[in-house]
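Read off the chains here:
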Amino acid sequence: MNRMNVKHIPIRNVDEAELSRISREGLLSLNLAEMKTIQSYFIQQGREPTDVEIETIAQTWSEHCVHKTFKSRIEYTENGGTVEIIDGLFNSYIRRATEEIDKEWCVSVFVDNAGIVEFDDDYNIAFKVETHNHPSAVEPYGGAGTGIGGVIRDCLGTGLGAKPILNTDVFCFGPLNLANDQLPTGSLHPRRVFKGVVAGVRDYGNRMGIPTANGAILFDPRFTGNPLVFCGNVGLIPKDRCEKSVQPGDLILAVGGRTGRDGIHGATFSSLELDDASESLGSVVQIGNPIMEKKMVDVLMEARDRGLYRTITDCGAGGFSSAVGEMGKDTGAEVHLENVRLKYEGLAPWEIWLSEAQERMVLALPPENLEAMTELCEAELVEATVLGEFTDSQKLRVSYDGELAAELDMHFLHEGLPTLTKKAVWEMPCFPEPPDRTGVTGKNGVLDGSNVLDFTQDLCAILGSPNVASKEWVIRQYDHEVQGGVVLKPLVGVENDGPSDACVVTPVLGSHKGVIVSNGINPKYSDIDPYHSAAAAIDEALRNIIAVGGKLESTALLDNFSWGNPDRPDRLGGLVRAAKACYDIATAYGTPFISGKDSLYNEYRDTTTGKQLAIPSTLLISACCVIPDVTKAITMDAKSVQNLIYVIGKTYDELGASHYYDIHGFVGNSVPIVRPEEGKATMMALSRAVEEGLIKSCHDCSEGGIGVAAAEMAFSGGFGMELDLASAPRSAEVTTDDVLLFAESNSRFIVEISRPNRAAFEDCMVGIPFGCIGRILPYPDFNVRGISREMVVSAKIYQLKEAWQSTFRDGR
Amino acid sequence: MRPKVLILRTAGTNCDYETEYAFRLAGAETALVHINHLITARANLDEFHILALPGGFSYGDDVSAGILLANEIKYKLGDLLRDFVNSGKLIIGICNGFQVLVRAGLLPGLNSNIAQEATLAMNTSAKFECRWVHLETQKSPCAFTHGLKWRLYLPVAHAEGRFTAPSQILDQLESNRQVVFRYASRYGGIPSYPDNPNGSDLQIAGICDPTGRIFGMMPHPERFLTRLNHPRWTRDSLPEKGDGLGIFRNAVAYVQQNFS
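Protein chains in written order, with this note's numbering: chain A, 1 to 812; chain B, 1001 to 1260.
This is chain A alone, in the form it adopts within the complex (with noise of 0.2 Å):
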């Protein structure tokens, strides 16, 4: 086979229209103002650039790997009201809000490939969660796959490398019921997306031992062409392994999986929309070999302990070019591309270099290391090989057999990357409103006029709604249970089936120390405003800590926003009303942000019919909280017969895009709007009756309002339950039982509480709405009664269960 050379690309002197063609034809995804910058550097280095420098810039300037938009500035303006300049996202509204909230936990936020905060004496704790939407799209078991394999490679690279202790995962899709003709041209069934992407998790992290023990399934038509992917990692990191450095003169050590020509271009393909034409981009989706990682995590983990390196960062996006490019940011890297270890022969330089073949880790090693790293990478048949050395030339020099492929500066492959100015508008939408039903209480609900519903048929509706559905059949297919510690499972209950709000889980086995890990998510309420959606996402992932056992005051959360593309203004508009509600809620609650990401452009092109499709601007919130003991922690079920049924936090009137109103064919406006200072009140004294213990039993009231959060207790405790709403804490202009039973206000919990523990508990609750709305029953039914006192629910729990558990059994 002909050996494949460095090419030069004139750019020098060419017009602006040219650099653009060579952009877009080139899959660069560099715009003009950037394509100039590049012209420029290179007519004052008075040379051509060659292939490898333009690909090398196009990734470290990525989207995906530079995070430009949540860098760039913003001119915003909100309904038609005056320009606001916004200084970075990034840095006006999270890392802001870390900065005022200063924990001294927070070990490690915003620098790492994962945040790492404070867990016992000897260890801390990474989590970071990543997005791997586009390839999921394109080849759904293959990307989600990689996802899973990518985000244990961020908490490897953290500080010297951090053990994967638990993985969480949040879909979004298309509805799996979608006609087939109703697919956009070219994208995958929804239901071909979702079974590959839950085989893709469930095949490598298996494989992985590690436990996948919380996420969630959202569905909304507007996933179909462009699904969405979360993958989260937790680590465990001794405290002394936290710290990183490079010295000129160490060597750079590839260790793990060969390079082949997968996944080239994943960082920029990350930074286009998508269309029909993207499924034949099949070499930008990597290919995981989770065993391959297996073997790579043993032998690093033993090489961390035994001190051999001094730096480590995953190959991710941009491949050794972006790895290679940040650990030298400070020094400098000299790297010969012929040593690297290919998987078949006939890449050319700069596809070597930018791969983003899987299971491959970068090393800062000191020389004298060399024999030690390699006997120990031998022994258990783990690939480890010499790219180069650091430097203190300050400059990233590559070659190939003696050819000179590259020679960047190190500050402007970091630093030239031009500022933008983009422009953002927010108008508040306004949906139509269902029907008045001012003073109409009782049990039939009038949203649809003519057609008369009930609201027993209402809650099993809603219970069925593949949101809110249970996912036991997902569940079941990732090992929850590897490493044996965890002790909250994603499955609660009598019969082991219930929804657990959060899982916990001990990293450490034998001691009692704990991590809870949660998610919040609401992309239905950003069709309402981006503000209150993330708001809300944030309030969930709290509420999920908090009802399981967690402390506001020990709680971290990550940011995860995956958004439509920033350069159309409505779409920054809404990103800047999410960004600006992190940093209110956050500081509000004193909850910092450690880690984030965020993945633009989700958009599908139709191009038969010119169609443009935006996903519902979606912000994932994760949470994790480090608790001292485990023992505390308590589950949703209900428990005990005669116990009593409290729900805590006011009912408002917001059924803005509720389930309820959902299912009957309305968004609505009144979005649920958090209310931080009750919202916290509210955390922290249930927080300290859980400390108490006080709480038998604890679900937040989120999905489907405290109608579903009940049935929910009830069918997973085996019991049935009498409820009275009036008894339920809730503000004036609440006059209906369809908003007490179906509104999905936010900082509410129902909780269960045994009869001798009532007045303890109303003390812990001075000052907090709250309201004891009823009892457990010794039989199966679940009986609600509304305002006026007629009874509005009346069912048996075993057929609300198997509303419930119908819509995902047997994967169907």
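Do not rely on the hints blindly, as some may be mistaken.
[Claimed, not checked] Some chain B residues judged to face chain A by a derived CB distance under 8 Å, without partners named: (1) 1014; (2) 1015; (3) 1017; (4) 1059; (5) 1124; (6) 1128; (7) 1155; (8) 1222; (9) 1225; (10) 1235; (11) 1237.
Hint data in this document are derived by calculation from the structure and do not stem from the laboratory. Where a beta carbon is used, it is the ideal one built from N, C-alpha and C, also for glycine.
Position chain B against the provided structure of chain A, taking the given hints into account.
Same frame as chain A, now just chain B:
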């Protein structure tokens, strides 16, 4: 005396940490040893009393679950293992380790020529499943289960766990009392899915060889060591120790009785 346990690792092993913890809790000393260190004699099996093959996906379970490691053991460590067993020492295989022992012909071990006599096939549900199951302890010569309570509750997590063998092999297993655990129904009677989570013949969840010193099971005893492992510890009153611990304690006690 603290018995020494060698926990065998290879590419794709992944229950080594909790298996090691279980043996330590039971009073043993442990070492995690990569198979290549045994093959190249950098580690010495003779120094150990118990060989444990933990769960996982050895070599990705490529071809079929456990077969590559089984062949490696058979062809590269055959003599070593034979001597180990003949000197009265113990071998336990859990989940993937059980699959390896069966595919290597060490279990059920009816013939002396180490040939595969049974298999662990794809679950009848045709998918990987993680769930808790009830087990009934059978009367057997198994060194790991002496005096264990009649019913145990343990999790399974596998895709290929359906124990199946020709009927004459099954008959021999029964008459030799080599069936150590059977899946049991929550409500009595013959368990159907999901109580028998994989559709195993005769509800077999674990077997031993005729000597009782080689033992394999699909459920994971190392995942139920304390009450906090139990899926319902927040609602049921449970003893502090988990059902799985007894298996590791029995192994330790057996070594202490026979090798002190």
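Do the hints match the structure? See the list:
For residue 1014 of chain B, the shortest C-beta to C-beta distance to chain A is roughly 2 Å, which falls under 8 Å, so the interface hint holds. About 6 Å separates the beta-carbon of residue 1015 of chain B from the nearest beta-carbon of chain A, less than 8 Å, and the hint is met. With 8 Å as the threshold, the beta carbon of residue 1017 of chain B comes within range of chain A, its nearest partner Cβ sitting at about 6 Å, so the hint holds. With its C-beta approaching chain A no nearer than about 6 Å, residue 1059 of chain B sits inside the 8 Å limit, and its interface hint holds.
With its C-beta approaching chain A no nearer than about 13 Å, residue 1124 of chain B sits outside the 8 Å limit, and its interface hint is violated. Hint status for residue 1128 of chain B relative to chain A: holds, with the closest Cβ pair at about 5 Å, below 8 Å. The criterion of a C-beta within 8 Å of any C-beta in chain A is met by residue 1155 of chain B, whose closest approach is roughly 5 Å, and the hint holds. Look at residue 1222 of chain B: its Cβ gets to within about 6 Å of chain A, closer than 8 Å, so that hint holds up.
Contact between residue 1225 of chain B and chain A, as hinted, is supported at the beta carbon level, the nearest pair being about 7 Å apart and thus within 8 Å. This hint holds: residue 1235 of chain B has a C-beta 5 Å from the nearest C-beta of chain A, less than the 8 Å allowed. Taking 8 Å as the C-beta cut-off, the interface hint given for residue 1237 of chain B is violated, the closest approach to chain A being about 12 Å.
In this structure, the earlier hints numbered 5, 11 are contradicted, and the remaining ones agree with it.
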